[in-house]
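**Q** Kindly produce the complete structure, drawing on both the sequences and the hints.
Quick note: the sequence shown uses this note's numbering, first residue -14, plus one each step.
Derived by calculation from the structure, the hints in this document are not laboratory data.
It is possible that some hints are incorrect.
35 Å max Cα-Cα, derived DSBU-like pairs, lysine-lysine [as the list claims (entries may be wrong)]: (1) K36 with K46; (2) K59 with K35; (3) K(-5) with K46; (4) K72 with K36; (5) K(-5) with K35; (6) K46 with K72.
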Amino acid sequence: AIDDSLSANKRVTQIVEVIEDRARDARLRQLLNQYHSSRDNRILIFALYKKEVERLENQLKRDGWKCTSIHGNKAQDARTRALEEFKSGKCPLM
-14 AIDDSLSANK RVTQIVEVIE DRARDARLRQ LLNQYHSSRD NRILIFALYK
36 KEVERLENQL KRDGWKCTSI HGNKAQDART RALEEFKSGK CPLM
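**A** Shown next as structure tokens:
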């Protein structure tokens, strides 16, 4: 028997791109407009540094996107709340 408990969800689309620093914000907006224009799906965005996570979250909120974030400098209750908001769809970008 094959144990596929650790296999990727077939309904998840994963896109990985390595982009120069100056081009990242524009590319992220382009991808969000392409894949999240209906705003009814959930998207995970990864960043390397905690400061970059905070900068991205603040920028996305200023641009009108509902988003939340998780990183090591946040208190556990804030991380738990962010995860709940993402899972419920209240904040579909994390």
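**Q** Now look at each hint and say whether the structure bears it out.
**A** Here is how each hint holds up against the structure:
1. Note on K36 and K46: the hinted pairing holds, with a Cα-Cα distance of about 15 Å set against a maximum of 35 Å.
2. In summary, the hint linking K59 to K35 is supported, as the alpha carbons are separated by about 10 Å, within the 35 Å threshold.
3. Taken as a hint, the K(-5) and K46 pair is honoured in the structure, with Cα atoms around 30 Å apart against an allowance of 35 Å.
4. Pair hint K72 plus K36 holds up; C-alpha atoms about 23 Å apart against a cutoff of 35 Å.
5. The hinted pair formed by K(-5) and K35 meets the criterion: a straight-line CA distance of about 30 Å does not exceed 35 Å.
6. For the given pair, K46 sits about 18 Å from K72 by alpha-carbon distance, which is consistent with the 35 Å threshold.
This entry satisfies every hint, going by the numbered hints stated previously.
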